[in-house]
Amino acid sequence: LAKTTQPISMDSYEGQEVNITCSHNNIATNDYITWYQQFPSQGPRFIIQGYKTKVTNEVASLFIPADRKSSTLSLPRVSLSDTAVYYCLVGGGSARQLTFGSGTQLTVLP
Amino acid sequence: GAGVSQSPSNKVTEKGKDVELRCDPISGHTALYWYRQSLGQGLEFLIYFQGNSAPDKSGLPSDRFSAERTGGSVSTLTIQRTQQEDSAVYLCASRGVAALTDTQYFGPGTRLTVL
Numbered sequence: 001l002a003k004t005t006q007p008i009s010m011d012s013y014e015g016q017e018v019n020i021t022c023s024h025n026n027i028a029t030n031d032y033i034t035w036y037q038q039f040p041s042q043g044p045r046f047i048i049q050g051y052k053t054k055v056t057n058e059v060a061s062l063f064i065p066a067d068r069k070s071s072t073l074s075l076p077r078v079s080l081s082d083t084a085v086y087y088c089l090v091g092g093g094s095a096r097q098l099t100f101g102s103g104t105q106l107t108v109l110p
Numbered sequence: 111g112a113g114v115s116q117s118p119s120n121k122v123t124e125k126g127k128d129v130e131l132r133c134d135p136i137s138g139h140t141a142l143y144w145y146r147q148s149l150g151q152g153l154e155f156l157i158y159f160q161g162n163s164a165p166d167k168s169g170l171p172s173d174r175f176s177a178e179r180t181g182g183s184v185s186t187l188t189i190q191r192t193q194q195e196d197s198a199v200y201l202c203a204s205r206g207v208a209a210l211t212d213t214q215y216f217g218p219g220t221r222l223t224v225l
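Residue numbers (my numbering), protein chains in the order written: chain A, 1 to 110; chain B, 111 to 225.
Same shape as in the complex, but just chain A (with noise of 0.2 Å):
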């Protein structure tokens, strides 16, 4: 299974962009990238996933470089409910199981 590393914290103001980058050099070639966002005393929530180059929805956005050796979550114009835990995830196809690692804990500040 394809370990991934992040920060693991990261402060931000509401309004400004975030980006946190994941590392995951030893991502397979039928692995996708995929984030979860957390909140105290709840599940984990998907926000987007990807495979390569960019993805966007209505909540982030995902940049995946070539090589797909890291990814970048950006979270635009974040506000003080973003405050979260942020997990990057790379698994997929036949992959039996997801291995969550810390976590990026992003704290949004007034």
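One or more hints might be untrue.
Listed next, the stretches of chain A that the computed footprint assigns to chain B, with coverage defined by at least 3 CB atoms under 8 Å from CB atoms of chain B [stated by the list, open to error]:
id, region
1, 39-49
2, 99-110
Simulated DEER-style distance windows between Cβ atoms [to be verified]:
id, chain 1, residue 1, chain 2, residue 2, range
3, B, G126, A, P76, 50 to 56 Å
4, B, V184, A, Y51, 31 to 37 Å
5, A, V55, B, G152, 22 to 28 Å
6, A, P76, B, S163, 38 to 44 Å
7, B, Q194, A, E14, 37 to 43 Å
8, B, K167, A, T107, 22 to 28 Å
9, A, K54, B, E130, 42 to 48 Å
Honestly, the hints are just simulated from the structure, not real lab data.
Ideal Cβ placement from N, Cα and C applies to all residues, glycine included.
We have chain A already, so just place chain B on it with the hints.
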């Protein structure tokens, strides 16, 4: 249902007792996962069910832990002779078979406290 549900939401038990935690996945989802999350920690994979295949039990921490999935739907995670270190939030997730990628939908979790 609209999402994954788990029961009970909270469970307090005494050391040495057995507990059962229930997960109702999204209707039609064939894959079901159990995870454990200790306070301030990431998620720890426990077990995975996919259709009628043999479950992947590689994450179960000891033989006191077991899980079953009846009729390909509801799943029960059983912890026998609970220990204080079993205290954690137990999360269940499900995924549809049509999804080639791994978009898992999580329930709210069961907070287990072993006294």
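Hint check results:
For the region 39-49 of chain A, the stated coverage by chain B holds: 7 residues have a C-beta nearer than 8 Å to a C-beta of that chain, and at least 3 were required. As drawn, the region 99-110 of chain A meets chain B at 5 residues by the rule of a beta-carbon pair under 8 Å; at three or more, the given contact holds. Taking 50 to 56 Å as the suggested C-beta distance range, the pair G126 of chain B and P76 of chain A conforms, at roughly 51 Å. Under the hint 31 to 37 Å, the C-beta atoms of V184 of chain B and Y51 of chain A, about 33 Å apart, fit the expected range.
At roughly 23 Å, the beta-carbon separation of V55 of chain A and G152 of chain B lies within the given 22 to 28 Å, and the hint holds. Remark: the range hint 38 to 44 Å for P76 of chain A to S163 of chain B is upheld by a beta-carbon distance near 41 Å. Checked against the given bound of 37 to 43 Å, the beta carbons of Q194 of chain B and E14 of chain A, roughly 40 Å apart, stay inside it. Separated by about 37 Å at the C-beta atoms, K167 of chain B and T107 of chain A break the suggested range of 22 to 28 Å.
With their beta carbons about 45 Å apart, K54 of chain A and E130 of chain B fall inside the hinted range of 42 to 48 Å.
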